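S.K.: Dock chain B against chain A, hints included.
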Amino acid sequence: MKKIERLILLAGAVTVFAATSHSRAAQFEHPDLKSGKKVVHSVLILPPQAKVVKSGMKGSESLVEESHQVEARLPAIVGQALAEKGCSLVPDPFTAAALDKDSDMKYALTDLQAKFDKLRGQLDRKPKDVRTGRFTMGDEVANFSPGASADALVFVRAEGYLSTGGKKAFTALVGSGYATDSIFVSIAVVDAQSGAVLYYARSLATGNFLEKPEHMDKPVKKSFKNFVGPAAGGKKS
Amino acid sequence: MKMGPVSAAILVLCACLSVHAQQSPPPAQQQPPFTFTKIDLELFDKCNQLDRHFEEKGMVYANAEATEYLTLVGEAVLPKGEPPENVHWRFRIVRDPIPNAFALANGSIYVNSGLLALLENEAQLAGVLAHEETHVLNRHSYLQNRSYRKKALAINILVGAGSLGGGAGGIGGNVVALVGTLIPAILVETIYGYSRELEREADIRAISAMVEADYSTEEMVNTFRLLQTSHEVELSHVYYQDHPKLQDRVSYVSELANSIHSRTAHPMVEPERYFAGTEKVAQHDVELEIREDRARTGLAMAHHLVKQDPKSSENYYVLGEAYRDLGPRTSEPTEAELSSKGKKETRKMVSKMTEQEYEQALSATPAGKDAWEANQKLSEEAYKKALELDPANARVHRGLGFLYEREHLPPQSIAEFRKYLELSPAAQDRAQVNRHIDALEKEAATPAPAP
Numbered sequence: 027m028k029k030i031e032r033l034i035l036l037a038g039a040v041t042v043f044a045a046t047s048h049s050r051a052a053q054f055e056h057p058d059l060k061s062g063k064k065v066v067h068s069v070l071i072l073p074p075q076a077k078v079v080k081s082g083m084k085g086s087e088s089l090v091e092e093s094h095q096v097e098a099r100l101p102a103i104v105g106q107a108l109a110e111k112g113c114s115l116v117p118d119p120f121t122a123a124a125l126d127k128d129s130d131m132k133y134a135l136t137d138l139q140a141k142f143d144k145l146r147g148q149l150d151r152k153p154k155d156v157r158t159g160r161f162t163m164g165d166e167v168a169n170f171s172p173g174a175s176a177d178a179l180v181f182v183r184a185e186g187y188l189s190t191g192g193k194k195a196f197t198a199l200v201g202s203g204y205a206t207d208s209i210f211v212s213i214a215v216v217d218a219q220s221g222a223v224l225y226y227a228r229s230l231a232t233g234n235f236l237e238k239p240e241h242m243d244k245p246v247k248k249s250f251k252n253f254v255g256p257a258a259g260g261k262k263s
Numbered sequence: 010m011k012m013g014p015v016s017a018a019i020l021v022l023c024a025c026l027s028v029h030a031q032q033s034p035p036p037a038q039q040q041p042p043f044t045f046t047k048i049d050l051e052l053f054d055k056c057n058q059l060d061r062h063f064e065e066k067g068m069v070y071a072n073a074e075a076t077e078y079l080t081l082v083g084e085a086v087l088p089k090g091e092p093p094e095n096v097h098w099r100f101r102i103v104r105d106p107i108p109n110a111f112a113l114a115n116g117s118i119y120v121n122s123g124l125l126a127l128l129e130n131e132a133q134l135a136g137v138l139a140h141e142e143t144h145v146l147n148r149h150s151y152l153q154n155r156s157y158r159k160k161a162l163a164i165n166i167l168v169g170a171g172s173l174g175g176g177a178g179g180i181g182g183n184v185v186a187l188v189g190t191l192i193p194a195i196l197v198e199t200i201y202g203y204s205r206e207l208e209r210e211a212d213i214r215a216i217s218a219m220v221e222a223d224y225s226t227e228e229m230v231n232t233f234r235l236l237q238t239s240h241e242v243e244l245s246h247v248y249y250q251d252h253p254k255l256q257d258r259v260s261y262v263s264e265l266a267n268s269i270h271s272r273t274a275h276p277m278v279e280p281e282r283y284f285a286g287t288e289k290v291a292q293h294d295v296e297l298e299i300r301e302d303r304a305r306t307g308l309a310m311a312h313h314l315v316k317q318d319p320k321s322s323e324n325y326y327v328l329g330e331a332y333r334d335l336g337p338r339t340s341e342p343t344e345a346e347l348s349s350k351g352k353k354e355t356r357k358m359v360s361k362m363t364e365q366e367y368e369q370a371l372s373a374t375p376a377g378k379d380a381w382e383a384n385q386k387l388s389e390e391a392y393k394k395a396l397e398l399d400p401a402n403a404r405v406h407r408g409l410g411f412l413y414e415r416e417h418l419p420p421q422s423i424a425e426f427r428k429y430l431e432l433s434p435a436a437q438d439r440a441q442v443n444r445h446i447d448a449l450e451k452e453a454a455t456p457a458p459a460p
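Chains as they are written, first to last, in my numbering: chain A, 27 to 263; chain B, 10 to 460.
Just chain A, with the same shape it has in the complex (with noise of 0.2 Å):
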């Protein structure tokens, strides 16, 4: 019987641990782009993913066009941010109408969204090693034309989570549980001609981010606070 209650004392650490540890805000920056060896002048923004789930007492549910909405709301901010640090944007190549034209630039974008989404599983089980510059999505990136222009491309995702009143009072009742409304935002800068991750970083916004979605504007903003841009003359902001 101790031997069970000292494993569940174990997961119950880790699993506090985890849920911390997922909170905090960091950012990780790439060696070059902390000494100032890279600058990114220029950005290209990838059509941000986001994931929002509701959390009810009859199951949960993805909502795909709430979804939308954070997706479209992002590069704004993530834009403007990146915008305060000196890098110019490229105009959106991906208004729908563009892709409905290109199938292989359709293509081409979605492969390389999943080819991150692949190397994310490693940066969030190590995003220290982003300072080590141990990252790279490889120079095929190089081929995506869209980005040609660009130094840099930018990978957003977003995982938001919102329960409805009778989950939030059950969970209220229980004592346990996830029933807090809030968003997780992933943001990575990447060297759109090597591949290198030159930067990545993590945020929090907590409440009702579809009611109020200028409650992502500040974590998100604050991502950037170690990135350093060309406004900052290659030294650190």
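Think of the hints as simulated: they come from the structure by calculation, not from any bench.
Because the structure is a prediction, the values reported are computed rather than measured.
Think of the CB as a built atom: it goes at the ideal place given N, C-alpha and C, for glycine as much as any other residue.
Errors might be hidden in some of the hints.
Stated by the list, open to error - Footprint (simulated), chain B over chain A, 3 or more residues, beta carbon under 8 Å:
(1) 80 to 92
(2) 120 to 129
(3) 136 to 146
(4) 156 to 162
(5) 168 to 180
As the list claims (entries may be wrong) - Below, in silico cross-link-like pairs of lysine-lysine (DSSO-like), each with a Cα-Cα straight-line distance of 30 Å or less:
(6) A:LYS63 - B:LYS451
(7) A:LYS152 - B:LYS350
(8) B:LYS289 - A:LYS144
(9) B:LYS320 - B:LYS394
(10) A:LYS77 - A:LYS111
(11) A:LYS144 - B:LYS361
(12) A:LYS194 - A:LYS244
(13) A:LYS144 - B:LYS66
(14) A:LYS141 - B:LYS66
(15) A:LYS248 - A:LYS238
(16) A:LYS247 - A:LYS111
(17) A:LYS141 - B:LYS353
(18) A:LYS154 - B:LYS361
(19) A:LYS248 - A:LYS60
(20) A:LYS251 - A:LYS152
(21) B:LYS357 - A:LYS154
(22) B:LYS47 - A:LYS80
(23) A:LYS141 - B:LYS289
(24) B:LYS361 - A:LYS64
(25) B:LYS361 - A:LYS251
(26) B:LYS66 - A:LYS80
(27) B:LYS89 - B:LYS47
(28) A:LYS144 - B:LYS378
(29) B:LYS352 - A:LYS154
(30) A:LYS141 - B:LYS352
M.R.: For chain B alone, coordinates are given in the frame of chain A:
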């Protein structure tokens, strides 16, 4: 015996599920007309959203000829007359190397490129489409969705009970809550499969639809056999190989196929027509397999393409690409890789390493070096055959350029890259290739280290 709170919670869940199972009516021959509830209409809207989502996210393979062929075969195994309420039949190809197919409740049927590349003839495709159509015709998604909502309520009960029982950390509760939150209901039931009974129902109607359209029903059994083949070391549960249990399905479908007489003496199989309709999809799929680290499957598909159409330069090109991508791996998994120890080691390496690090680690082993030596020769042979068939196939020169670069043969590599850029002046990867040429020129200029 004293019962802990977690055990009690599990019992609560089991009780809820078993009560539900007992209440489920046995499959009836004549089903009453389906009445849409609010929940069903919500699911219908979700399906339409998913269709748009797949389209927008570049998941649908937009090849008009292949899609038209798929539609033609799909319509041949549909019942005569108007589609049921809220069903609009659409047949699409998904850019996904996993051999699978799924149907949405609104009548959208998706077949993965991986399945189209695996199948061998039109009769097999007809069987797959008829099976998926049954899920739509018999409203399986709606029924499962209604059932899921009841189960979800039970899961929530367990979350509460588990958290009460698990102490401060609420371990049991958190784990179940996380699982419950992350499983998008309709995708799980649609893609990972329905209950055994519903899958059986779909198989039975598929057989009768195949007979009606004069397709060979034996090919449905062959489809299951094809699904059982794997060229990869599967590190996790392979859902398409357990749908519900393939062996079980093979036996009851074989029995049924043998007991039903075909309409004609020679029912249709149509391997040539199938290959003509899906060759482009299969070529595209080999590239997807390569990108998804399924090099061995990609190689098997490429060999199949070459066997079917040995006069196609493009087929030899994808074969060359597949061998090059195979790199330090053997063409089939070794005994050691398939052992539980081997799988454990691979799982550990894959979880800790990036793609490049894993490739480097494999290349450093003696077995990896031997495999690469063999694969690079076979890759070169395939590329050269592709050039023999079509000397203007620019991508072959690109492939050879990368192959020679990896073999540290700068002059040969530079020549191939230059030929590629000459034949394809507007290549999207021009900048990347030029950078490789620069690096190779530097390498060629550097004197080789003394032995």
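S.K.: For this structure, which hints from the list above don't hold up?
M.R.: none
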